[in-house]
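Dock chains B and C against chain A, hints included.
Respectively, the protein sequence lines represent chains A, B and C.
If you count the first sequence from 1, you need to add 60 to reach the working numbering.
If you count the second sequence from 1, you need to add 190 to reach the working numbering.
If you count the third sequence from 1, you need to add 45 to reach the working numbering.
Be careful, since some hints might not be right.
[Stated by the list, open to error] Straight-line distance between alpha carbons at most 25 Å, and here's what the computed DMTMM-like set of lysine to aspartate or glutamate pairs gives: (1) B:K309 <-> A:D147; (2) B:K421 <-> B:D457; (3) A:K367 <-> B:D636; (4) A:K466 <-> B:D531; (5) A:K466 <-> A:E502.
Hints are computed from structural coordinates only; laboratory data are not their basis.
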Amino acid sequence: MRYLPLTDADRSAMLDVIGADSIDALFADVPREHYLTEPLEGLPMHASEMAVERHMRRLSKMNLAAADAPFFLGAGAYRHHIPASVDHLIQRGEFLTSYTPYQPEIAQGTLQMLFEFQTQVARLFGCAVANASMYDGSTACWEAIAMAGRVTKRSKVLLSNGLHPHYVSTAKTMARFNGDTVAYAEPTLTAETDFAELAGAVDGETGCVVVQYPDVLGRIGDMSALADACHVAGALLVAVVTEPVALGALKSPGEMGADIVVGEGQAIGVGLQFGGPYLGLFAVRDPKHVRQMPGRLCGETVDAEGKRGFVLTLSTREQHIRREKATSNICTNSGLCALAFSIHLTLLGEKGMRALAAENHRLACLAADRLAKVPGVEVLNDSFFNEFTLLVPGDARQLVRDLADKGVLAGVSLGRLYPDGDRRENGIVVAVTETVTEEDIEALAAALEGALT
Amino acid sequence: MSAPNVSGWKPGTPEAPSGPAGIETVTGNRGLMLEEPLIFEIGGSETTGVDFASPLPAGDGSARLAGLERSEPIGLPGLSEPETVRHYTRLSRQNYAIDCGIFPLGSCTMKHNPRLNEKVARMPGFADLHPLQPESTVQGALGAIDELARWLLALTGMHSVAMSPKAGAHGELCGILCIRAALEARGDARSVILVPESAHGTNPATAAFAGYAVENIPAAPDGRVDLAALKARLGAGGLENCNVAAVMITNPNTCGLFERQMKAISDTVHAAGALVYCDGANFNAIVGRVRPGDFGVDAMHINLHKTFSTPHGGGGPGSGPVVLSEALAPFAPLPFVRKTDGGFELIEEEDGVAAAPRSFGRMTAFHGQMGMFTRALAYILSHGADGLRQVSGDAVLGANYLLRSLEDVLDAPFGGTGPCMHEALFSDDGFAEGIATLDVAKALIDEGFHPMTMYFPLVVHGAMLIEPTECESKASLDQFILALRSIGERAKAGDSSLHQAPQLAPRRRLDETLAARKPVLAYEG
Amino acid sequence: MPRYFSEEHEWIDVDGDTATIGITDYAQGQLGDIVFVEVPAAGTVLAKGKEAAVVESVKAASDVYSPVSGTVTEGNQALADDPALVNSSPESAGWFFKVTIANAGELDGLMDEAAYKDFVASL
Numbered sequence: 061m062r063y064l065p066l067t068d069a070d071r072s073a074m075l076d077v078i079g080a081d082s083i084d085a086l087f088a089d090v091p092r093e094h095y096l097t098e099p100l101e102g103l104p105m106h107a108s109e110m111a112v113e114r115h116m117r118r119l120s121k122m123n124l125a126a127a128d129a130p131f132f133l134g135a136g137a138y139r140h141h142i143p144a145s146v147d148h149l150i151q152r153g154e155f156l157t158s159y160t161p162y163q164p165e166i167a168q169g170t171l172q173m174l175f176e177f178q179t180q181v182a183r184l185f186g187c188a189v190a191n192a193s194m195y196d197g198s199t200a201c202w203e204a205i206a207m208a209g210r211v212t213k214r215s216k217v218l219l220s221n222g223l224h225p226h227y228v229s230t231a232k233t234m235a236r237f238n239g240d241t242v243a244y245a246e247p248t249l250t251a252e253t254d255f256a257e258l259a260g261a262v263d264g265e266t267g268c269v270v271v272q273y274p275d276v277l278g279r280i281g282d283m284s285a286l287a288d289a290c291h292v293a294g295a296l297l298v299a300v301v302t303e304p305v306a307l308g309a310l311k312s313p314g315e316m317g318a319d320i321v322v323g324e325g326q327a328i329g330v331g332l333q334f335g336g337p338y339l340g341l342f343a344v345r346d347p348k349h350v351r352q353m354p355g356r357l358c359g360e361t362v363d364a365e366g367k368r369g370f371v372l373t374l375s376t377r378e379q380h381i382r383r384e385k386a387t388s389n390i391c392t393n394s395g396l397c398a399l400a401f402s403i404h405l406t407l408l409g410e411k412g413m414r415a416l417a418a419e420n421h422r423l424a425c426l427a428a429d430r431l432a433k434v435p436g437v438e439v440l441n442d443s444f445f446n447e448f449t450l451l452v453p454g455d456a457r458q459l460v461r462d463l464a465d466k467g468v469l470a471g472v473s474l475g476r477l478y479p480d481g482d483r484r485e486n487g488i489v490v491a492v493t494e495t496v497t498e499e500d501i502e503a504l505a506a507a508l509e510g511a512l513t
Numbered sequence: 191m192s193a194p195n196v197s198g199w200k201p202g203t204p205e206a207p208s209g210p211a212g213i214e215t216v217t218g219n220r221g222l223m224l225e226e227p228l229i230f231e232i233g234g235s236e237t238t239g240v241d242f243a244s245p246l247p248a249g250d251g252s253a254r255l256a257g258l259e260r261s262e263p264i265g266l267p268g269l270s271e272p273e274t275v276r277h278y279t280r281l282s283r284q285n286y287a288i289d290c291g292i293f294p295l296g297s298c299t300m301k302h303n304p305r306l307n308e309k310v311a312r313m314p315g316f317a318d319l320h321p322l323q324p325e326s327t328v329q330g331a332l333g334a335i336d337e338l339a340r341w342l343l344a345l346t347g348m349h350s351v352a353m354s355p356k357a358g359a360h361g362e363l364c365g366i367l368c369i370r371a372a373l374e375a376r377g378d379a380r381s382v383i384l385v386p387e388s389a390h391g392t393n394p395a396t397a398a399f400a401g402y403a404v405e406n407i408p409a410a411p412d413g414r415v416d417l418a419a420l421k422a423r424l425g426a427g428g429l430e431n432c433n434v435a436a437v438m439i440t441n442p443n444t445c446g447l448f449e450r451q452m453k454a455i456s457d458t459v460h461a462a463g464a465l466v467y468c469d470g471a472n473f474n475a476i477v478g479r480v481r482p483g484d485f486g487v488d489a490m491h492i493n494l495h496k497t498f499s500t501p502h503g504g505g506g507p508g509s510g511p512v513v514l515s516e517a518l519a520p521f522a523p524l525p526f527v528r529k530t531d532g533g534f535e536l537i538e539e540e541d542g543v544a545a546a547p548r549s550f551g552r553m554t555a556f557h558g559q560m561g562m563f564t565r566a567l568a569y570i571l572s573h574g575a576d577g578l579r580q581v582s583g584d585a586v587l588g589a590n591y592l593l594r595s596l597e598d599v600l601d602a603p604f605g606g607t608g609p610c611m612h613e614a615l616f617s618d619d620g621f622a623e624g625i626a627t628l629d630v631a632k633a634l635i636d637e638g639f640h641p642m643t644m645y646f647p648l649v650v651h652g653a654m655l656i657e658p659t660e661c662e663s664k665a666s667l668d669q670f671i672l673a674l675r676s677i678g679e680r681a682k683a684g685d686s687s688l689h690q691a692p693q694l695a696p697r698r699r700l701d702e703t704l705a706a707r708k709p710v711l712a713y714e715g
Numbered sequence: 046m047p048r049y050f051s052e053e054h055e056w057i058d059v060d061g062d063t064a065t066i067g068i069t070d071y072a073q074g075q076l077g078d079i080v081f082v083e084v085p086a087a088g089t090v091l092a093k094g095k096e097a098a099v100v101e102s103v104k105a106a107s108d109v110y111s112p113v114s115g116t117v118t119e120g121n122q123a124l125a126d127d128p129a130l131v132n133s134s135p136e137s138a139g140w141f142f143k144v145t146i147a148n149a150g151e152l153d154g155l156m157d158e159a160a161y162k163d164f165v166a167s168l
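Same shape as in the complex, but just chain A (with noise of 0.2 Å):
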């Protein structure tokens, strides 16, 4: 078998070292009633690439690509152009084969890469320091929940309308286990986001706010006075990005007060590939809260000649130390994916990140504007960067099934994100980025023109 280098040959000479008479005779610390000596029954034996992949191959082409239709879907992963020296850089072995950076004089490349990364992220969310990624912005939401919990030893939690379901439904799900109680109602369908209702319900007792900006529906909230509400209180503000290139166009969160800053980073560099490995980004405003950070941290230093090093550092926080009373149980960070993050950004650069912004905006407003004018459409939004809320006549849920089949991929709607709620009549969230053309958009409202007469 291709992957297995030892001969028979080299099985009986090793055997002979051992002192073993085969391979079994190696298991027979397994009881003999639950040792299998075939292989299991009613599976496949192995197959050449070639069969493999035809068969993956054949899985795949059941499947409509992005690429094949125009295609409007955001709410939590967005479709950008990622270069193409990103996944050939991602692919060299040294990065694609490599462990985490344990031994630090043989990882400096991985080292050195999770310190640009870990600037990048900072600068990005206007914060002092962020970590070496976490598994995906809902995760890292959460964590920044409990690290809340820890610093603030309160349990009330804040949750903001316009927060996306997932990232609602995954903190609802971890307060249940560690005691917060979680305050969330789902969002009305304003152009507003409820920053003010926030600041007005903050107290003494809470222990964060969370809020989305961009939000779930695409609007723009600005988070300054609920940052100062949330100080006043002894609370911390936790603001979640799940659209990073939307800080090239808008302040960061930081600079309006935020202190924990946590995100999705997959739309730059990571790619769609429905739904995961993503990448979680967490940074804190205020460098005084990093020993209460989950996961990993890099750190200059110097080695034994004074050249600069970088090396994993503040480990004690984490679990392989201590153990029960860790951060987090986190272990595996999301690597290859803030790696080809941050290659991204780095071809970016600020020019490009800001041009990007600019251009995602930009036809953003082009395709509201065009789809407005949709007998029956309305664009719910005052305000939005590449992401809006469309309202249609009729159940917007099967209008995206139907559209779909019709070969267009028309956006997330509402009724998908809030199976419980009453949105299902009317909403589809609509993302727009610099990989849609104007004739996508054309095409999108010519069939929402054909589906809704």
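Below, chains B and C alone, put in the same frame as chain A:
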């Protein structure tokens, strides 16, 4: 104070170099070993490696940004494409990797990462799909998830599988939360989880995160769980008053030994009304030969990035599906894939009320690490049932070969209790005064190898845990043995030049004390 | 001023009804370079044998227990800037915290210097 530094691991400020480092160069480069500055030192705010269509006049677009347009620069350096490629290529060359040589980390299963996996994961019909597309447009993707799930169930002999956990530790949390939900559902919420001292740190961290108090299960002298002590703890105060929710076992355990009494352990735990969580990190030792379901396990996470070859990528991403017993299946998280006559469905919150009323809820956005599912499925289909059985065979063969080839030089605390499984454990017993496991590990670097896992498990002082995997040729194993025997002899003889190691790597030993006392976690220039 | 030792490697200097507490030279040697110390705030009420402080090296973290019950009067603020004091001067300048002793009887169970030396030798 509590047990000061059980493992004995004390990195600090390294010793000063004892002699000149070879020839001096003007650039600091040394042949093919190239120094590389930070992007912040070489990049510019006006440089970009991406082209856009010429900028259009700014319309009234900014009116829709709620007055929150960015006024300050972000502070991101840009590089042209050639500079970017060179930067990351140079960085990559400072990394050891599986592609370079044996990566003998115990408990990590650093096996070859097949490139077919990469090809398959990148097929546009997998890579370019949005997780929230209508079901009718992603039947092949849902089918792939289902196919992988069936393999995992067959290989483990379990009832159901939760595919959404993002990594092993996340899977542990999933399993423990299923257990907690199950106990709460029968009105018997309990407060304690038992964990062996040899367990991976994620086990107690997970238990604590899920709201449990953690207590140790002692090991018997043969390195395995002390069943009598376990029975006594479960029965303390009467079985009917047992406050233990679960026991977390790794099998084979972190000392590389098969828990012979696994069935008895499960029976004992179940008799006390508690449940068995199995840490599946070491599944590579038994895949295709042993099914944890046959031993009464209730939940086990599988690390796709260990047993099933998905790449480690410098620290992640992973994927940690959790196989569940029939008792725990109803509590599995949302969402999940379900096969129907018409095709495949993704059961999310809405349908979950009907389809999975006792699910403990959602634990992550979307539904799992699809990019790892396609890779793992390609690997499993390539090996097939016969190949997977050979995987565990060769993995265990290689570890025993290392054990017997080294045990006259390095102390193997459990070498006398019988064969090891897929990893061999050594201690620093016999090293001369002043020589530590750390020194042996760093000396291996000069010999061209990544060191083995060190200072884990905690139950052995100066532990060295070596897992070769089935992907090492005999020649590769022999070269590793040669180097480690030599270094072992030097350690026993008290060769203080070991403190200078590594001398030939891109960096000498790094000052970890400084990094912790004065953390610099972002570029400040 | 009498000095006592606990089996948990804490030392305690007693001066009337106040005491100064730290960790022993043996303990700091076991830990390696100390990188961070968390001392209790003034006013904290401590119980004998319960966690009072945390001491971290690069790869280990240990709870420091109070050998006596009492109320903290002062934590050693110098350790925030210079945790290395615990390594260089564990049994004087590297002290952790001072307490007002609640129950002098608790001192009876502690070892003197000779007994602690024997105890360490037996480990």
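Tested hints:
Straight-line distance between C-alpha atoms of K309 of chain B and D147 of chain A comes to about 12 Å, which keeps the hinted pair within the 25 Å bound. Between the alpha carbons of K421 of chain B and D457 of chain B the distance comes to roughly 10 Å, so the proposed pair stays at or under 25 Å and holds. At roughly 18 Å between alpha-carbon atoms, K367 of chain A and D636 of chain B fall within 25 Å of each other, so this suggested pair holds. Proximity of K466 of chain A to D531 of chain B is assessed by CA-CA distance (about 23 Å); at most 25 Å being required, the pair is judged to hold.
The hinted pair formed by K466 of chain A and E502 of chain A meets the criterion: a straight-line CA distance of about 15 Å does not exceed 25 Å.
In terms of the numbered hints stated before, the structure departs from none.
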